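Asks: So the chains spell out like this:
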Amino acid sequence: MSHHVTFQDLPEGGEKFDPARGSKLIGGFAMAGLIGLIGSAFFFFTRTDTFAYSWLFAVFVAFTVVVGACFWILLHNASNSGWGISIRRLFENLANMILVVGLFALPLLVPAVQNPLWEWMAHHREAAHHAHDSGETVKEALHHMAQEDSHLHILVEKFGYLNIGGWYVRFFLYFAILWFIASTLRKRSVMQDSDGNIKHTIWSRQFSCLLLFFFALTATFASVDWLMTLDYSWFSTMWGVYIFAGCAWSSMAVMILLVTWLKSLGYLNKVVTDEHYHLMGKLLFAFTVFWAYIAFSQYFLIWYANITEETRFYLTRNTETWRWVSIFILVGHFAGPFVILLDQQRKKKTRWMVGMCLWILFMHVVDIYWNIIPERGPSLTHGEEWLIPYAWIQDVFALLAVIGGVGFVFLRGLGKFSLYPCRDPRLIESANVVN
Amino acid sequence: MSTTLKRVHGYLAEFDNPQDLYHAAEHVRDQGYQRWDVHTPFPVHGMDVAMGNPRSKLPWLVFFGGATGFTVAFLMQFLTQVIIYPTVVQGKPTDIYTLPAFFPVMFELTILFSAFTTLFGLLALIGLPRLNHPLFASKRFPKFSDDGFFVCIEARDAKFTKEGTKSFLEGIGGKNIELVEDEI
Numbered sequence: 358m359s360h361h362v363t364f365q366d367l368p369e370g371g372e373k374f375d376p377a378r379g380s381k382l383i384g385g386f387a388m389a390g391l392i393g394l395i396g397s398a399f400f401f402f403t404r405t406d407t408f409a410y411s412w413l414f415a416v417f418v419a420f421t422v423v424v425g426a427c428f429w430i431l432l433h434n435a436s437n438s439g440w441g442i443s444i445r446r447l448f449e450n451l452a453n454m455i456l457v458v459g460l461f462a463l464p465l466l467v468p469a470v471q472n473p474l475w476e477w478m479a480h481h482r483e484a485a486h487h488a489h490d491s492g493e494t495v496k497e498a499l500h501h502m503a504q505e506d507s508h509l510h511i512l513v514e515k516f517g518y519l520n521i522g523g524w525y526v527r528f529f530l531y532f533a534i535l536w537f538i539a540s541t542l543r544k545r546s547v548m549q550d551s552d553g554n555i556k557h558t559i560w561s562r563q564f565s566c567l568l569l570f571f572f573a574l575t576a577t578f579a580s581v582d583w584l585m586t587l588d589y590s591w592f593s594t595m596w597g598v599y600i601f602a603g604c605a606w607s608s609m610a611v612m613i614l615l616v617t618w619l620k621s622l623g624y625l626n627k628v629v630t631d632e633h634y635h636l637m638g639k640l641l642f643a644f645t646v647f648w649a650y651i652a653f654s655q656y657f658l659i660w661y662a663n664i665t666e667e668t669r670f671y672l673t674r675n676t677e678t679w680r681w682v683s684i685f686i687l688v689g690h691f692a693g694p695f696v697i698l699l700d701q702q703r704k705k706k707t708r709w710m711v712g713m714c715l716w717i718l719f720m721h722v723v724d725i726y727w728n729i730i731p732e733r734g735p736s737l738t739h740g741e742e743w744l745i746p747y748a749w750i751q752d753v754f755a756l757l758a759v760i761g762g763v764g765f766v767f768l769r770g771l772g773k774f775s776l777y778p779c780r781d782p783r784l785i786e787s788a789n790v791v792n
Numbered sequence: 019m020s021t022t023l024k025r026v027h028g029y030l031a032e033f034d035n036p037q038d039l040y041h042a043a044e045h046v047r048d049q050g051y052q053r054w055d056v057h058t059p060f061p062v063h064g065m066d067v068a069m070g071n072p073r074s075k076l077p078w079l080v081f082f083g084g085a086t087g088f089t090v091a092f093l094m095q096f097l098t099q100v101i102i103y104p105t106v107v108q109g110k111p112t113d114i115y116t117l118p119a120f121f122p123v124m125f126e127l128t129i130l131f132s133a134f135t136t137l138f139g140l141l142a143l144i145g146l147p148r149l150n151h152p153l154f155a156s157k158r159f160p161k162f163s164d165d166g167f168f169v170c171i172e173a174r175d176a177k178f179t180k181e182g183t184k185s186f187l188e189g190i191g192g193k194n195i196e197l198v199e200d201e202i
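First to last, the sequence lines map onto chains A and B. Plus 357 on top of the position in the first sequence (first one is 1) and you've got our numbering. Plus 18 on top of the position in the second sequence (first one is 1) and you've got our numbering.
Treat the hints as calculated values from the structure; they're not laboratory data. Hints are supplied without guarantee of correctness; some may be wrong.
[Stated by the list, open to error] When the alpha-carbon atoms are kept at most 27 angstroms apart in a straight line, the in silico DSSO-like pairs for lysine-lysine are as follows:
no.: 1; chain 1: A; residue 1: Lys705; chain 2: B; residue 2: Lys24
no.: 2; chain 1: A; residue 1: Lys373; chain 2: A; residue 2: Lys773
no.: 3; chain 1: B; residue 1: Lys75; chain 2: A; residue 2: Lys639
no.: 4; chain 1: B; residue 1: Lys184; chain 2: B; residue 2: Lys24
no.: 5; chain 1: A; residue 1: Lys639; chain 2: A; residue 2: Lys705
no.: 6; chain 1: B; residue 1: Lys75; chain 2: A; residue 2: Lys706
no.: 7; chain 1: A; residue 1: Lys773; chain 2: A; residue 2: Lys544
no.: 8; chain 1: A; residue 1: Lys620; chain 2: A; residue 2: Lys381
no.: 9; chain 1: A; residue 1: Lys496; chain 2: A; residue 2: Lys773
Here the structure is a predicted model, which is why all the values come from computation and not from measurement.
Take the sequences, apply the hints, and build the full model.
Replies: Here is the structure:
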């Protein structure tokens with residue numbers, strides 16, 4: 358057993374990150390963000406309809422990682438865990454990136470971006486146009502349109518939830534709730550840095566238990582509003598859980614990479630040990646299996662029932678090139694990580710975990726890509742093309758812009774507070790954790 | 019008057035608390051004893067490190083148990099439903115693309131076989147169930163399930179000697195050292 362860490366071993370006021378020491382990575386993110394933003398701006402104005410999909414994809418990748426961080430702090434507080442105190446502040450900082458992601462999500466509010474993405478919005482706008490001329494309500498106008506195009510009946514039925522006003526309200530509500538959770542918990546945590554009062558720990562626990570419910574609703578309906586309604590006739594009751602599984606998974610991978618990076622710069626070495634790697638690795642493994650369980654269940658139910666409006670989703674992703682991507686996800690998203698993370702010793706080896714986490718993040722990006730982009734070709738060409746040639750270049754630029762931007766702001770802001778809650782009563786418990 | 023033949027099982031030494039026991043275990047480990055064990059009323063964290071126990075082989079058994087379950091489930095379904103007697107259910111194909119329908123059973127059997135291997139592998143590795151244990155001959159030993167913390171060094175250990183082991187146990191703070199003998 359290594360030396361038992363006490364408060365005497367830790368610097369007073371915690372460790373503060375100096376961005377100058379991590380300038381290489383921060384500069385890399387800034388560079389990627391800048392290149393991405395320039396490319397994105399170009400495509401945004403010249404190829405708005407294809408680029409809308411690219412931008413949704415990129416923003417959603419960042420959104421899932423941040424939502425996952427929010428989940429981990431809520432879970433950690435609510436379950437009264439002690440092991441993760443040393444890394445909790447990093448999760449808090451990551452969850453607070455929700456405002457930056459919100460900023461990147463603003464283009465999704467532009468109708469020219471929305472119409473090619475969410476066809477129901479285009480239909481609703483057309484109905485609103487008719488309603489304006491004839492003096493009836495939007496729903497009635499939709500009903501009239503449905504008499505000519507019977508597919509639209511479903512939009513009349515779904516009008517209670519799927520309407521443009523409601524969509525905007527929910528859009529802001531999602532970011533407001535997530536920002537409220539992230540900023541409140543970090544505020545309390547930082548207050549404890551100066552007074553060391555256990556009151557904050559207890560308060561955060563109560564708050565987290567309460568807010569977990571609203572968090573679950575937010576994550577579920579955000580994924581429904583932004584991704585599931587890309588095809589307004591399709592639905593899956595497991596959709597929210599499926600996206601959530603990816604959120605928690607990718608966020609844990611980001612955390613392991615972040616901790617490793619900080620440790621290589623000389624931070625956190627007294628409070629984060631191999632045991633933390635093992636614990637984080639176990640959670641990563643758990644969510645590898647959980648994701649596969651949910652992904653398979655969703656596929657299985659649709660495959661077995663074989664109902665026309667449900668199978669469309671998988672038919673699209675089982676045709677031409679997407680078929681290989683689907684198989685690749687099965688192997689790379691589940692089978693590979695499952696076998697590699699099964700071994701206990703491997704979870705404690707930093708090199709293995711870093712490689713694994715990079716792979717996991719890549720697979721997460723592929724998973725989100727696979728969920729969004731197959732809708733693009735059929736939607737924009739009305740079913741004539743599966744893929745739009747060279748559109749993937751736009752996806753790369755969009756991803757660079759959002760990940761580079763969020764990563765840059767995140768790492769720059771890391772030095773604002775101590776890297777770990779330096780006066781949390783259970784910090785010592787976490788630093789000496791054995792599992 | 020009868021004469022019973024007895025066999026020396028080993029030395030049993032008692033310690034006051036888990037801390038003492040933990041450090042005693044470290045000493046026994048460093049002395050190079052192989053055939054010995056500790057007995058406590060509850061699990062002591064880190065005791066496997068203090069005793070120098072190697073990693074258990076059980077995970078490997080479980081891995082192959084699970085893999086067997088996975089394969090058995092696949093073959094049982096594939097052979098019966100596709101090869102021997104092709105069964106069309108709900109218009110699904112009867113070839114390798116029937117695979118999704120097999121998965122729930124493959125999943126369950128993987129878990130079932132893993133669980134069985136865990137349980138029976140564990141029992142086999144620790145040598146349970148057994149009818150009796152030589153340590154039950156000791157009058158003090160029942161305390162192990164209440165408030166007793168024991169180290170027992172067995173006589174079949176190569177380094178065991180009647181005098182040397184006793185003085186070694188005294189040296190590391192063992193109390194009520196007792197030579198346990200069981201009837202044969």
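Asks: State for each hint whether it applies.
Replies: Now for the hints, and whether the structure bears them out:
As the CA atoms of A:Lys705 and B:Lys24 are separated by approximately 49 angstroms, the hinted pair breaks the 27 angstroms bound. In summary, the hint linking A:Lys373 to A:Lys773 is supported, as the alpha carbons are separated by about 7 angstroms, within the 27 angstroms threshold. The hinted pair formed by B:Lys75 and A:Lys639 meets the criterion: a straight-line CA distance of about 20 angstroms does not exceed 27 angstroms. Annotation: proposed proximity of B:Lys184 to B:Lys24 holds, straight-line Cα distance about 19 angstroms (limit 27 angstroms).
A distance of roughly 10 angstroms separates the Cα atoms of A:Lys639 and A:Lys705; the hinted pair therefore holds under the 27 angstroms criterion. Restraint check: the Cα-Cα separation between B:Lys75 and A:Lys706 comes to about 20 angstroms, which is no more than 27 angstroms; the hinted pair holds. Annotation: proposed proximity of A:Lys773 to A:Lys544 holds, straight-line Cα distance about 12 angstroms (limit 27 angstroms). The straight-line distance between the Cα atoms of A:Lys620 and A:Lys381 is roughly 15 angstroms, inside the 27 angstroms bound, and the hint therefore holds.
Restraint check for A:Lys496 and A:Lys773: the C-alpha separation of about 50 angstroms exceeds 27 angstroms, so the hint is violated.
Against the hints set out earlier in the document, violations occur for numbers 1 and 9.
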